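> The listed protein sequences derive, respectively, from chains Y and L. By the count of our numbering, the first sequence reaches residue 1512 at its end, each step adding exactly one. By the count of our numbering, the second sequence reaches residue 1512 at its end, each step adding exactly one.
One thing to keep in mind: the hints can contain errors.
Note that the list lumps identical chains together, so a pair holds whenever it fits in one copy or between two copies.
Unchecked claim - Taking lysine to any residue and the SDA-like style, the derived pairs with C-alpha atoms no more than 20 Å apart in a straight line are:
id	residue 1	residue 2
1	Lys-1382	Asp-1446
2	Lys-1382	Arg-1365
3	Lys-1382	Gly-1468
4	Lys-1435	Gly-1416
5	Lys-1435	Gly-1371
6	Lys-1382	Arg-1394
7	Lys-1435	Gly-1363
8	Lys-1382	Pro-1449
9	Lys-1435	Pro-1487
10	Lys-1435	Val-1364
11	Lys-1435	Ala-1366
12	Lys-1435	Ala-1374
13	Lys-1435	Ser-1450
14	Lys-1435	Ala-1479
15	Lys-1435	Arg-1365
16	Lys-1435	Phe-1389
17	Lys-1382	Pro-1489
18	Lys-1435	Arg-1372
19	Lys-1382	Pro-1484
20	Lys-1382	Thr-1368
21	Lys-1435	Asp-1469
22	Lys-1382	Arg-1422
23	Lys-1435	Asp-1498
Hint data in this document are derived by calculation from the structure and do not stem from the laboratory. Please read all numbers here as calculations on a predicted model, not as lab measurements.
There are 2 protein chains.
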Amino acid sequence: MANDQTASQSVDVSGERPGVRAQTSPGRWAGVPVMPYKQSADAPFRDVTRQLLFADPNLACEWRYFEVDEGGYSTLERHDHVHAVMIHRGKGQCLVGATISDVGPSDLVFIPPMTWHQFRANRGDCVGFLCVVNAARDRPQLPGPDDLAALRSDAAVAGFIRTGNEKA
Amino acid sequence: MANDQTASQSVDVSGERPGVRAQTSPGRWAGVPVMPYKQSADAPFRDVTRQLLFADPNLACEWRYFEVDEGGYSTLERHDHVHAVMIHRGKGQCLVGATISDVGPSDLVFIPPMTWHQFRANRGDCVGFLCVVNAARDRPQLPGPDDLAALRSDAAVAGFIRTGNEKA
């Protein structure tokens, strides 16, 4: 179909097509391209992909899907906007504020404003999560030296967080 | 926890609690009450429940979960706001405009403005779906006699739709 071809060439028409887009394999959907996690090169992360499931001009939010592969981690960051998350597949752990939690399929995670957060996949697993976010939102902030010192004052948090400076 | 007790008594604090709320059984989550599908008595539906997964003042959308039991159907309706849907569990069918589609877990469904839509569970199954919607939105419209006549001009649609007037 002409529509299918269009969708595969563009990243932001996915929400505009009426009706059904089927799952084609776990964490993959017809007409939804798999994209790099971040545009900015300075935000540390590892082995994460991003898909934009719904982004329609009539919808005040974007509904995204992120997948963190084994050994990977999302960027440790905070921002004014909130994140509404549901784990879609796989198991892992998340940091929200100073709390580290095990998460698995269908678990819900809410990330309040200005709260440090990071997702990591369990050893031998990936973790894929749905994330709904305001279409209009502020840019994420990365932790500075003082933020990292504060985070690392908690031994469990110090062991969990990944900032891109870890030894391989 | 005091928080749990509060959440079970109120429908709109679910999005405000930071961190993880685990799935407790398929389609059920800690601290998320199962509610009636509709407040209004005039909207026909059958065997549908509603849960508000995220509704935070900082989030421009609400993230809901609806579950249609065997033999049940959501209300046949349309509205200016759009629906972003992912099937969460079970199998069923949906009408979007004049198109009837089989849907199963993880399939995506987009419902554009002013488009008639209805979900039904397959025989012997239930269908549970996630639905993201603008927090500020118009009220759904029910089909009038002319709308129903137009919908029923398509034989497949005529056989699919449920309006509450069917014989048992």
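> None of the hints should be skipped; say for each whether it holds.
Against the structure, the hints:
Neither within a single protomer nor between protomers do Lys-1382 and Asp-1446 lie at most 20 Å apart by alpha-carbon distance, with minima of 25 Å and 34 Å respectively. Within a single copy, Lys-1382 and Arg-1365 get their C-alpha atoms no closer than 24 Å, and across copies no closer than 27 Å, so neither meets the 20 Å cut-off. In the homo-oligomer, the alpha carbons of Lys-1382 and Gly-1468 never lie at most 20 Å apart, since the shortest distance is 24 Å inside one protomer and 43 Å across protomers. In the homo-oligomer, the alpha carbons of Lys-1435 and Gly-1416 lie at most 20 Å apart inside one protomer (12 Å), although the nearest pairing across protomers, at 33 Å, exceeds that limit.
Both within a single protomer and between protomers do Lys-1435 and Gly-1371 lie at most 20 Å apart by alpha-carbon distance, with minima of 14 Å and 18 Å respectively. In this assembly of identical chains, Lys-1382 and Arg-1394 lie within 20 Å of each other by CA distance solely inside one copy; the values are 8 Å within and 35 Å between copies. In this homomeric assembly, Lys-1435 and Gly-1363 come within 20 Å of each other (Cα to Cα) only across copies, at 16 Å, whereas the closest approach inside a single copy is 30 Å. Neither within a single protomer nor between protomers do Lys-1382 and Pro-1449 lie at most 20 Å apart by alpha-carbon distance, with minima of 24 Å and 28 Å respectively.
In this homomeric assembly, Lys-1435 and Pro-1487 never come within 20 Å of each other (Cα to Cα): the closest approach is 26 Å inside a single copy and 44 Å across copies. In this assembly of identical chains, the alpha carbons of Lys-1435 and Val-1364 lie at most 20 Å apart only when taken from different copies (13 Å versus 27 Å within one copy). Only between protomers do Lys-1435 and Ala-1366 lie at most 20 Å apart by alpha-carbon distance; the minimum there is 12 Å, versus 23 Å within a single protomer. Proximity of Lys-1435 and Ala-1374 under a CA criterion of 20 Å is satisfied inter-copy only: 18 Å between copies versus 24 Å inside one chain copy.
In this homomeric assembly, Lys-1435 and Ser-1450 come within 20 Å of each other (Cα to Cα) both inside a single copy, at 10 Å, and across copies, at 17 Å. When the C-alpha separation of Lys-1435 and Ala-1479 is checked against a cutoff of 20 Å, the pair qualifies neither within a copy, at 27 Å, nor between copies, at 30 Å. Proximity of Lys-1435 to Arg-1365 under the C-alpha cut-off of 20 Å is restricted to the inter-copy arrangement: shortest distance 15 Å between copies versus 25 Å within a copy. For the identical chains of this complex, Lys-1435 and Phe-1389 are intra-copy neighbours only, at 18 Å inside a copy versus 36 Å across copies, given an alpha-carbon limit of 20 Å.
Taking the shortest Cα distances, Lys-1382 and Pro-1489 never come within 20 Å of each other, neither inside one copy (22 Å) nor across copies (51 Å). In the homo-oligomer, the alpha carbons of Lys-1435 and Arg-1372 lie at most 20 Å apart both inside one protomer (17 Å) and across protomers (18 Å), since each shortest distance falls under that limit. In this assembly of identical chains, the alpha carbons of Lys-1382 and Pro-1484 lie at most 20 Å apart only when taken from the same copy (11 Å versus 37 Å across copies). In this assembly of identical chains, the alpha carbons of Lys-1382 and Thr-1368 never lie at most 20 Å apart, being 24 Å within a copy and 33 Å across copies at closest.
Only within a single protomer do Lys-1435 and Asp-1469 lie at most 20 Å apart by alpha-carbon distance; the minimum there is 6 Å, versus 27 Å between protomers. For a Cα distance limit of 20 Å, the shortest separation of Lys-1382 from Arg-1422 inside one copy, 15 Å, qualifies, whereas the shortest one across copies, 36 Å, does not. Taking the shortest Cα distances, Lys-1435 and Asp-1498 never come within 20 Å of each other, neither inside one copy (24 Å) nor across copies (45 Å).
Violated hints, listed in ascending order, are 1, 2, 3, 8, 9, 14, 17, 20, 23; each of the other numbered hints is respected by the structure.
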